Each structure stands twice: as structure tokens, then as C-alpha cells.
Amino acid sequence: MFSPTTAHGSDSDSPIKTRKLEALEASQRILETVFRFYCGSAQQLVDSKLMINSHLGSERFEGQSDEADSVDNDLDDSDLNLLQQDLGGLGLVEMAKIYNVDGIRLPKRKIWILLLGNHSAGKSSFINWYVDYPVQKTSVAIETTSFTFVTGGNKRETFGGPATCQLFPVLKKVSELKGVLPCLATEIVPSSSKNFDMITFIDSPGLVDGGLKYPYDPEEVLIELAKESDLVFSFFDPVGQALCARTMNVVEAICKTQGHKIFFYLSKADTIPDESDRQKVLIQIAQSLTHRIQDRQFSLDIPPIYIPHSGSDVVPVRNHMQGLMASIDATIAQGVQKSLASLKSDCTRIAYSIRQKISQDDSAIKFNNRDFGRGFLLISMGVGPILGIFLIIAFRIVDTIAEATGEDVLGFGGKLMRNVLRPYDSLVRSMDWKSIGYTFAASIVSLVVWWLLVKKRKTLSPVERTTMLHHLD
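Per the working numbering: the sequence shown = residues 1 to 473.
None of these hints come from the bench; they were simulated from the model.
Please read all numbers here as calculations on a predicted model, not as lab measurements.
Hints are not guaranteed to be accurate.
[Said to hold, decoys possible] Capping the alpha-carbon separation at 25 Å, the derived lysine-lysine pairs in DSS-like fashion look like this:
id, residue 1, residue 2
1, K137, K97
2, K357, K344
3, K227, K173
4, K280, K173
5, K338, K173
[Stated by the list, open to error] Cβ pair distances, simulated, as ranges:
id, residue 1, residue 2, range
6, G160, R465, 41 to 51 Å
7, T18, P273, 35 to 45 Å
8, K97, I393, 56 to 66 Å
9, D329, P273, 41 to 51 Å
10, Q322, T290, 23 to 33 Å
11, V448, I401, 30 to 40 Å
Here a beta-carbon is modelled for each residue, glycine too, at the ideal position from N, C-alpha and C.
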């Protein structure tokens with residue numbers, strides 16, 4: 001078991017540490033709450049977990065259950081009421097699908113830190129030291145051959161590729177690359193060391209040149225992971241330095257588009273106790289980086305770091321590990337601000353889409369009301385001549401009966417109909433066949449126009465409209 005190395009300060013440091021701890025807890029709560037608003041109700045997470053278990057069979061997935069439970073415990077009643085009652089248990093991701101809003105996906109609940117470097121550059125050792133747990137193997141031989149996500153949880157668990165993709169949905173694109181899925185892994189570690197509760201480390205395979213073949217394209221995978229990461233730490237050890245072409249290709253590609261994420265460090269600096277030798281190594285690394293990264297938009301700084309010694313041995317090398325940890329703390333704070341900004345932006349986009357749908361529904365209702373009169377007129381013009389034929393037939397039957405047997409047999413209704421339809425019958429008798437043909441042609445045209453042009457537009461049901469207004473409020 002690794003023992004954390006801490007600086008022993010005076011009692012005056014206690015209030016500062018307390019404030020930092022409170023700020024960390026507040027940041028964690030904000031990120032978890034934002035995550036829940038994207039994900040939805042607790043039942044959706046439970047359903048997701050059951051689906052994962054049934055899909056993966058024997059592969060265990062307690063890690064997500066632990067994370068889901070921690071969110072439920074941290075959410076207060078107002079948050080739960082908003083999710084379960086006001087939003088009907090829907091998260092922003094599901095609402096975005098319902099209202100056809102693209103580009104909204106489940107956010108990360110922790111910041112991602114990608115560790116990049118040559119073989120035996122100290123990446124796994126750094127993770128073991130930070131989490132205060134021997135989670136990754138370390139040796140001179142090549143130990144890390146997969147992309148391992150190291151994150152916190154209540155139980156020690158190890159997941160394979162499919163479960164890793166379920167735990168981190170943003171890895172879908174990466175997992176689709178050739179040969180990547182079997183080489184993904186997740187290590188759940190029950191550790192609260194430092195700020196590990198807010199971090200997911202990505203331990204990448206140590207890159208080497210030569211004939212070593214990977215089942216995937218390591219450069220492509222690392223570049224894609226860097227896009228999803230919040231920080232990229234590139235470790236250069238005194239032996240490998242910046243001489244590995246594969247490592248430098250990845251560094252160059254990251255710096256072109258995401259130079260603000262990457263930080264360079266001279267790892268294992270305690271193995272070079274001589275100051276002049278250390279300066280020579282730093283100069284050589286800086287020259288290699290400068291040659292490959294000519295259009296950089298950031299200053300080139302390569303501070304030396306090493307794993308603090310637990311004993312009383314004095315290392316004559318200034319350790320810049322505190323600067324590295326300060327970068328992590330700053331990124332955590334920025335992650336909170338980014339999450340809140342994304343939440344506001346995505347809510348605005350969904351609200352805009354809802355308003356558009358309601359506005360379209362209002363327009364459809366107005367259109368239907370306006371065209372009701374036009375449709376009624378066209379139908380009347382089309383059906384009128386056909387109805388007139390039946391009226392003429394009815395009149396002539398009644399008139400024939402009246403002439404044969406007398407008008408008294410018709411009764412009051414028959415007499416009234418005969419007297420009303422007599423002028424209409426006289427009008428038809430006065431018309432020639434050509435006029436009658438024109439009348440029926442106009443009737444057919446009216447029906448065709450009604451069929452083609454007068455279409456009732458689809459409108460929202462009262463339930464749908466009420467739900468949209470409820471979501472908008």
C-alpha cells in the first residue's frame with residue numbers, strides 16, 4: 001500500500017485545508033447534480049444498470065451502482081422534485097431526442113486526465129502515488145498494454161471493454177476504432193486520496209518505436225482520447241526523453257488543436273541528482289519539442305517531477321509536483337464552470353426548440369381555422385350540382401305523384417318541397433346541355449382544388465402542448 005506524502009504545516013493551515021475541502025465537496029456536488037439533470041431520474045440509471053448486467057453476463061458492474069447511489073444521496077429534495085415531478089423524470093439527453101436537438105450528450109462527472117509518454121516514463125507510478133493504491137503494475141518491462149481508466153468508487157472492481165464503454169458513453173467513437181474495444185479497461189479504486197474523487201486518470205500504453213505492433217493505431221486512439229480529456233500530461237523520462245517518434249507525433253497533433261490542454265514534465269527527475277546533467281536533459285527535450293511544435297500558442301515549460309520519497313532521504317532536486325497538482329485543482333474549478341455553462345446553453349437550446357414547436361402549432365391552428373371557410377366554400381361548389389340532381393329527381397317524383405293522385409296526398413311537407421323546388425326545376429329546364437356541362441366541370445374542379453390545396457395541418461394534442469409548456473416553465 002502506498003502511503004501519501006503530505007507536507008506538515010502549522011495549525012494555521014487547518015482553516016485553509018478546510019476551505020479547500022469544502023470547495024472540493026461543493027464542486028463534486030455541482031458536477032453530480034449537473035450530470036443527473038442530463039441523465040434523468042434515478043430509475044433511468046437503475047434500468048441502464050440492469051440492461052448492462054444482462055448484456056455483459058458475468059462481467060460485474062457495481063461501480064456504476066456506487067456512483068448512482070452517491071448522486072441520489074447528494075441530491076436534495078428540490079433537485080429530486082424538479083427531476084421527478086417538473087421534468088417527469090426526463091433528463092436533458094432524453095428531452096433533446098424528443099425535441100430534435102442535436103449535440104447534447106451526457107457530460108463527464110469527473111475531469112479526465114490523459115497520461116502520455118514513452119515506455120517506462122512513470123505514468124503508472126504517478127497514478128499509484130496519486131490514488132495511494134497499487135492499482136497499476138510498474139516495472140521496466142512493458143506492463144501497460146491497454147488504455148486503462150482509473151476512477152474512484154466504493155468497491156475495488158475491474159471492468160473490460162464493453163462495461164467501460166457503458167460506464168463512459170463518450171467513448172463510443174473511440175471504441176469503434178479497429179482493435180480498440182478489447183484493449184479498454186476500467187479500474188475502480190476505493191480511494192479518497194488528494195482530489196481523486198473528482199478525477200478519472202487514463203493510463204495509456206507506453207509508446208516505443210521499432211517492430212512492436214499494436215492491435216490498434218496508438219496515435220489515432222490517443223488523439224481521440226485527448227479530445228475528450230480535460231488535461232494531457234506528457235511525461236518524458238531521462239532515458240527515453242523526447243526521442244520516441246510515436247510519442248512526438250501524438251504530442252504534435254495534440255498541440256495543433258488542443259495545446260491549452262497539454263503539460264510537459266520531466267519525470268523521474270530524482271534519478272539525475274547532478275544539476276548539470278539534468279539541465280542537459282531538459283535542453284535536449286526542449287530542442288526536440290521546439291523542432292516538432294513550431295507554431296505553438298503557449299510557453300514551453302518542462303518542470304522536473306518525481307514521486308516523493310517516503311523515507312528521510314534528501315533528494316537534491318526541486319520537485320514541481322505541487323505545480324502539477326495545482327494544474328489539476330484549476331482544471332477541476334474550470335470543469336465546474338464549463339459544466340454550468342454547458343447546462344445553461346443546452347437548456348436554452350431545448351427551450352428554443354420547444355418554443356419553435358409551440359409557435360409552429362399556433363401557426364397550424366391559425367391556418368386550419370383560416371382555411372376552414374375556404375374549404376367549406378370549395379366543398380359547397382363541388383357538391384352543390386350533385387346535390388341539385390338528387391333534388392330535381394325528388395321534385396319530379398313528388399310532382400308526378402301530385403299530378404296523378406292529387407296534391408292532397410303529399411301532405412304539408414310534400415307540398416312545401418314541391419313549391420320550393422319548382423323554381424329550381426324551371427331554372428334547370430331553361431338551361432341547355434352545354435351550361436349544365438360547364439356547371440359540372442366547375443364542380444369537379446372545385447373538388448380537385450379542395451383535395452389538393454386545402455389540407456389540414458397536424459397540430460399538437462392538448463396533452464402534448466401542456467407537457468411542452470410544463471417543460472418550458
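Cross-check of the supplied hints:
no.	hint	in the structure
1	K137 to K97	42 Å, violated
2	K357 to K344	20 Å, holds
3	K227 to K173	11 Å, holds
4	K280 to K173	41 Å, violated
5	K338 to K173	22 Å, holds
6	G160 to R465: 41 to 51 Å	46 Å, holds
7	T18 to P273: 35 to 45 Å	38 Å, holds
8	K97 to I393: 56 to 66 Å	59 Å, holds
9	D329 to P273: 41 to 51 Å	30 Å, violated
10	Q322 to T290: 23 to 33 Å	26 Å, holds
11	V448 to I401: 30 to 40 Å	38 Å, holds
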